[in-house]
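Both chains come to you apart, so use the hints to assemble them.
Line by line, the protein sequences are chains A and B.
Quick note on this note's numbering: the first sequence kicks off at 1 and runs consecutively.
Quick note on this note's numbering: the second sequence kicks off at 359 and runs consecutively.
Some hints could be false.
What the hints assert, rightly or not - With a cut-off of at most 20 angstroms between alpha-carbon atoms, the simulated EDC-like pairs for lysine to aspartate or glutamate come out as follows:
1. B:Lys625 x B:Glu665
2. A:Lys34 x B:Asp593
3. B:Lys625 x B:Asp690
4. B:Lys618 x A:Asp45
5. B:Lys704 x B:Glu677
6. B:Lys563 x B:Asp593
7. B:Lys619 x A:Asp45
8. B:Lys704 x B:Glu685
9. B:Lys625 x B:Asp683
Everything labelled a hint here was simulated from the structure, so no lab data went into it.
Bear in mind that the values here come from a model prediction, so they are computed numbers and not experimental data.
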Amino acid sequence: MADKKKFDFRRIKQHHLFLPIICLIVVLLSNLIKTPDFFSISIRDGVLYGYIIDVINRASELVILAVGMTLVTAASGGQDISVGAVMAVAAAVCCQILSGGQTSVDVMQSPLIIAVIAAVLAAALCGAFNGFLVSHLNIQPMVATLILYTAGRGIAQLITQGQITYIRDNAYSMWGSALPNLIFPLPVYFAIVVVVIVSIILKKSALGLYIESVGINANASRLIGLNARRIKFITYVICGVLAGIAGFVASSRIYSADANNIGLNLEMDAILAVALGGNILSGGKFSIAGSVIGAYTIQALTTTLYAMSVSSDQLPVYKAIVVVIIVTMQSPVFQKYVNKIKLNRAMAKEKQRRGNAV
Amino acid sequence: MKKRFLSMLMASAMCLSLAACGGGANNDGGGSAASGSGTGGGDELITVGFSQVGAESDWRTANTESMKSTFSEENGYKLIFDDAQQKQENQITAIRNFIQQDVDYIMLAPVTETGWDTVLQEAYDAGIPVIIVDRMVDVSDEELYTSWIGTDALLEGRKAAEWLNAYATAKGWDASEINIAHIQGTMGSTAQIGRTQGLEEGIEKYGWNLLSQQCGEFTQAKGQEVMESMLKQYDNINVVYCENDNEAFGAIDAIEAAGKKVGTDIKNGEILVISFDTTNAGLTDVLEGKIVCNVECNPLHGPRAEELIKAMEAGEEVEKLTYVDEEIFAYDDTVKSVTATNSLDKEGEYAVTKLTQEILDGRAY
Numbered sequence: 001m002a003d004k005k006k007f008d009f010r011r012i013k014q015h016h017l018f019l020p021i022i023c024l025i026v027v028l029l030s031n032l033i034k035t036p037d038f039f040s041i042s043i044r045d046g047v048l049y050g051y052i053i054d055v056i057n058r059a060s061e062l063v064i065l066a067v068g069m070t071l072v073t074a075a076s077g078g079q080d081i082s083v084g085a086v087m088a089v090a091a092a093v094c095c096q097i098l099s100g101g102q103t104s105v106d107v108m109q110s111p112l113i114i115a116v117i118a119a120v121l122a123a124a125l126c127g128a129f130n131g132f133l134v135s136h137l138n139i140q141p142m143v144a145t146l147i148l149y150t151a152g153r154g155i156a157q158l159i160t161q162g163q164i165t166y167i168r169d170n171a172y173s174m175w176g177s178a179l180p181n182l183i184f185p186l187p188v189y190f191a192i193v194v195v196v197i198v199s200i201i202l203k204k205s206a207l208g209l210y211i212e213s214v215g216i217n218a219n220a221s222r223l224i225g226l227n228a229r230r231i232k233f234i235t236y237v238i239c240g241v242l243a244g245i246a247g248f249v250a251s252s253r254i255y256s257a258d259a260n261n262i263g264l265n266l267e268m269d270a271i272l273a274v275a276l277g278g279n280i281l282s283g284g285k286f287s288i289a290g291s292v293i294g295a296y297t298i299q300a301l302t303t304t305l306y307a308m309s310v311s312s313d314q315l316p317v318y319k320a321i322v323v324v325i326i327v328t329m330q331s332p333v334f335q336k337y338v339n340k341i342k343l344n345r346a347m348a349k350e351k352q353r354r355g356n357a358v
Numbered sequence: 359m360k361k362r363f364l365s366m367l368m369a370s371a372m373c374l375s376l377a378a379c380g381g382g383a384n385n386d387g388g389g390s391a392a393s394g395s396g397t398g399g400g401d402e403l404i405t406v407g408f409s410q411v412g413a414e415s416d417w418r419t420a421n422t423e424s425m426k427s428t429f430s431e432e433n434g435y436k437l438i439f440d441d442a443q444q445k446q447e448n449q450i451t452a453i454r455n456f457i458q459q460d461v462d463y464i465m466l467a468p469v470t471e472t473g474w475d476t477v478l479q480e481a482y483d484a485g486i487p488v489i490i491v492d493r494m495v496d497v498s499d500e501e502l503y504t505s506w507i508g509t510d511a512l513l514e515g516r517k518a519a520e521w522l523n524a525y526a527t528a529k530g531w532d533a534s535e536i537n538i539a540h541i542q543g544t545m546g547s548t549a550q551i552g553r554t555q556g557l558e559e560g561i562e563k564y565g566w567n568l569l570s571q572q573c574g575e576f577t578q579a580k581g582q583e584v585m586e587s588m589l590k591q592y593d594n595i596n597v598v599y600c601e602n603d604n605e606a607f608g609a610i611d612a613i614e615a616a617g618k619k620v621g622t623d624i625k626n627g628e629i630l631v632i633s634f635d636t637t638n639a640g641l642t643d644v645l646e647g648k649i650v651c652n653v654e655c656n657p658l659h660g661p662r663a664e665e666l667i668k669a670m671e672a673g674e675e676v677e678k679l680t681y682v683d684e685e686i687f688a689y690d691d692t693v694k695s696v697t698a699t700n701s702l703d704k705e706g707e708y709a710v711t712k713l714t715q716e717i718l719d720g721r722a723y
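So here's chain B without its partners, still in its complex pose (with noise of 0.2 angstroms):
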């Protein structure tokens, strides 16, 4: 009798819970949900389950705003939005829960590259297609994702590292007299992984001292942490090298603390910070001279992610790789442009931009 009951209340609180799990679902997916539904229609929507990381970063609210905005009932969709908290294991219950609600299409913004291999052959099981968003997932077979929308981590960092070169060269520097700090992101990360190897080619190519690298974690605590580590063990530092904004703001204050500072004359003892992600705080430093260059790594992936499931609603083929287009930000226009070569080993120029207030008021994030 009392196991009965217990799990009859056991029951009940799983529906109990499940219906409160669906409900913030719905308050989360439709933020402009109330005044969408009229508008809507008889027309059938297209659900979009869509598991993000976090909230970790500028980017990432970027990311997730550009999504919603994108899925918006008005539109035509209903959006299933998950917030993981940096937590993988989130993520695949999120996954989980989405094939069990039997969603049209699901988007994954990975925290990491392993570890899918079972859950997304849940969903190729189920035939749902997956897009991965942002980092990519290392999986044995490519057939379990559909398509990869993102940034090109590799271009980015090849572009920083070309940016350093035609800026040291039009300055005068020799490549000896260019000491690195560099702070990475989470180890493992897609833009890590490619941030790190384009300044790794850089210094096999050009010659430059590398004196640390340790990892930042993405975080500005971390960041500062580390620099502040990095500042005492070395003297002469005059290029900090960070995969993200977050981590720039970090290793700056730790700059500024060591009553050092940050700028374009390194001849003089300033430091000069390169950055990636170009949040709005980030360009903001970079119009003050604080980081000098910014790669943009684009967080718009709505209408990209949007273009891809209207072509497969057509029924067409896709592909597998999608890049969005990205910029490049400068303090100031020493270097007009650098040619670098993306990851499906295509060569190309990409202008560099002088950040002026106009540009950055104009700015979507």
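Isolated chain A (complex conformation) (with noise of 0.2 angstroms):
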């Protein structure tokens, strides 16, 4: 009996998901020492209220975009990192179809459905651009990218004139706020309709498949019959997408399209949950789950700061030691060595016990 159960935990212990759960469970952990009513939530006009779910609200837009930065490193090996200025492009077209041109409106001046559609079509058209010159003209994905990562916030200026478009309409402001009697805030439901329609695709069509394969190998994908140019195509126009619904959130959480800060920084946080989500950065398996869990590491770190009260300036270090920590803790050199270090340890204990036997 006792040696299948060890068995199983060193099953568990195996499984690709086992540390990135371990790294979240112990940021979210670490706030019993300062913050002990951080798990503590309660419910206000039906919605759950708290810390916990602060870091379930707030990590929607990442998590999104953790969704499609994952698919485009499985496909491609690089990062799309213009992301967070796609996010600001969806935004700026978003806000500025609904005001119909001006600086700030109260009523909506054109339907909301439009304007949505009209945003993620340009954010596809973002992620397309991208992935023509990914995969039709081989360019290295951060290279090719950072044409967007560029131009994208003055793209959204231009189309904002240079102003913070506001639109103080509660049918806009609603999407990105708490209704009553909805449990959770509206953002975080865009991001589970995302991670199951996303999921559902890479399950039921052979996508999923074709984006390892392509990852692993392009070339004997290419000869064993799959257009492996088309595939990395299709994940980056998949990344726009979804970089285009997280601008969307973004932008009706201040119902607002801040050009220069909506999805700032983002792009980086996003490569970095897919990293800590256990996923190779240089292509080929991947695990969406493990992207998720990372996108919540993140953000609940960034909670637990705040609940900390460290002081606004010093942020970034932590946030920086730690992620050094998680990082370091997944690498698979330092995994060797640790083993290593355990082998010798038993090793030596194996040889006591002989050496006491004799």
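Set out below in structure tokens:
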């Protein structure tokens, strides 16, 4: 019996999500030291309220981005660093259509659905541009997406004419806030829907398998009849679309399009989420679940530091330290090293035991 | 052969991009260029390069507009406007471009205080006077810039603190009952340093409780996120001191989402919001009583900048520090005026205006 239990634990330990989950739990539990009521959840107007809910709510955009980033990473072995800027473009398109060209309106000037579709289409176009550069011109992903990384916010500013466009209409701002009796704030549902839909597509079609195969060896995939180019292209378009959705969520939170700040530095967090989720950044096998957990870990860290009242100018330092520790823990070299120490210790023990026996 | 072709290609690409930059700047600079060029006559235009931080807030937009309308071609200026999108490296590039284009004056609204020595030295060596706008620069040699125009952030902070004290006294609140949550601006910016110091002096002087201090980076999204966290941490916050209106909007959203109310009745659980910048949207909130006190940070620097440039054109010496006049707006008239000391250690009495719809409608921004 005992033997079987041990066996099970080892299997859990070897599961690819084991370390990401442990990291998330450790980050969350560290709150018990300074903020014992971190885990307390109350209900206000039928909506859950508490630090944990903040983590889940605030991480929504990052989760959506991380899903797209995972696919791009897996297929092309590189990252799309333009997602933050694409978010700003989508938000700008959405708000500009809703405001009908004004800087601040109290009532939406055009139907929300049209604005959202246009925003997502604009983001998809950005994704297609990135995808074309990467898959058809074979430009390094990081270099190809650098173009929109720098130009994207400029485009967004051009669309909003350098202003912050405000849509002070409840029908818009409700998408970024909590509605009574819906348990979670709305952005959470966006994240859930995105994760579920993408997972279903990957599971039900062979796309997931194709992406992995292209990521592992694009040439071999081409030789067995996969259109490697098209698959890479598709992942970038998906990534763009998701960035567009994230942009809409971020913009509805502040009922405005702030071209300079929406999604600022979020691309780096998204890449980090992919890495924290145990995915290999050079492509191939991937785990959406891992990236999602990674995204929640990053937001948990931010919220934790807020809860601990860490002085704001020191915040990035703490974040960096924790990230370094987590990434090191997950690196294969470090794990090998730990295993070696364990082995040595076990051997020394064994030796001692034998010595004693003799 | 191949190399030569490549270098030619690169060179032509560079020319093209330069031309594109020039074109863009012209478009940005003279919004009314088309109508003004006829009346300009034979006069030489004074070329002014202006490196603006970005368009992060309504305030900044008003500031940009003020500059653009003042330095128009009708008034005898050619303004080359550069939007740095919150990046210091963009501003440094812009200043170097201005020097290369040999402009007559450079105006710089710096994103942070430090790191300007090298590029300002270059402008100084080129003999181009530099006017610093809004935020201050921290350079080893003050000769590197000719003059500074801006708002007195420390005075603004002191005004707000004095107002809070006067308001609390008038309402009969004890200092120990006042629990402040402080949402700071982008760390290191002049506005943040001055406004934070103003509040901290007030806390020391009057003995209020400072519960929490966090950075909201002058944006609505961060202000909302930070406030959300503070509300969970402390049950008894009754004053929120936001360092600009955008942060205040975010904070108000977070307060309302948490099921609390903003207002003046702090004895009954309402939260009093103090803010800065007096943007149009910010003052609308003052009118509704969501923000109770809003200290102006006047963005209309154009006229003062023009005065300076005119003085320099006439060969006069100009003051190193120039402040623009700023007001205080409040929801009610409990406090009529406050006494505060400005950065030049001059004490003055400043009237507090009770905001009405007429005043709001009559404002330029």
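Structure-based check of each hint:
1. For the proposed pair B:Lys625 and B:Glu665, the alpha carbon gap of about 49 angstroms is over 20 angstroms, so the pair is violated.
2. Restraint check for A:Lys34 and B:Asp593: satisfied, since their Cα atoms lie roughly 16 angstroms apart, inside the 20 angstroms limit.
3. Between B:Lys625 and B:Asp690, the direct Cα distance comes to roughly 17 angstroms. Compliance with the 20 angstroms bound is thereby established for this hinted pair.
4. Restraint check for B:Lys618 and A:Asp45: the C-alpha separation of about 12 angstroms stays at or below 20 angstroms, so the hint holds.
5. For the given pair, B:Lys704 sits about 16 angstroms from B:Glu677 by alpha-carbon distance, which is consistent with the 20 angstroms threshold.
6. With a C-alpha separation of about 25 angstroms, the suggested pair B:Lys563 and B:Asp593 falls outside the 20 angstroms cut-off, and the hint is violated.
7. Only pairs whose Cα atoms come within 20 angstroms are accepted, and B:Lys619 paired with A:Asp45 is accepted, the gap being roughly 15 angstroms.
8. Our distance criterion of 20 angstroms between C-alpha atoms is met by B:Lys704 and B:Glu685, whose separation comes to about 16 angstroms.
9. Of the supplied pair hints, the one linking B:Lys625 and B:Asp683 is violated, its CA atoms being roughly 34 angstroms apart against a limit of 20 angstroms.
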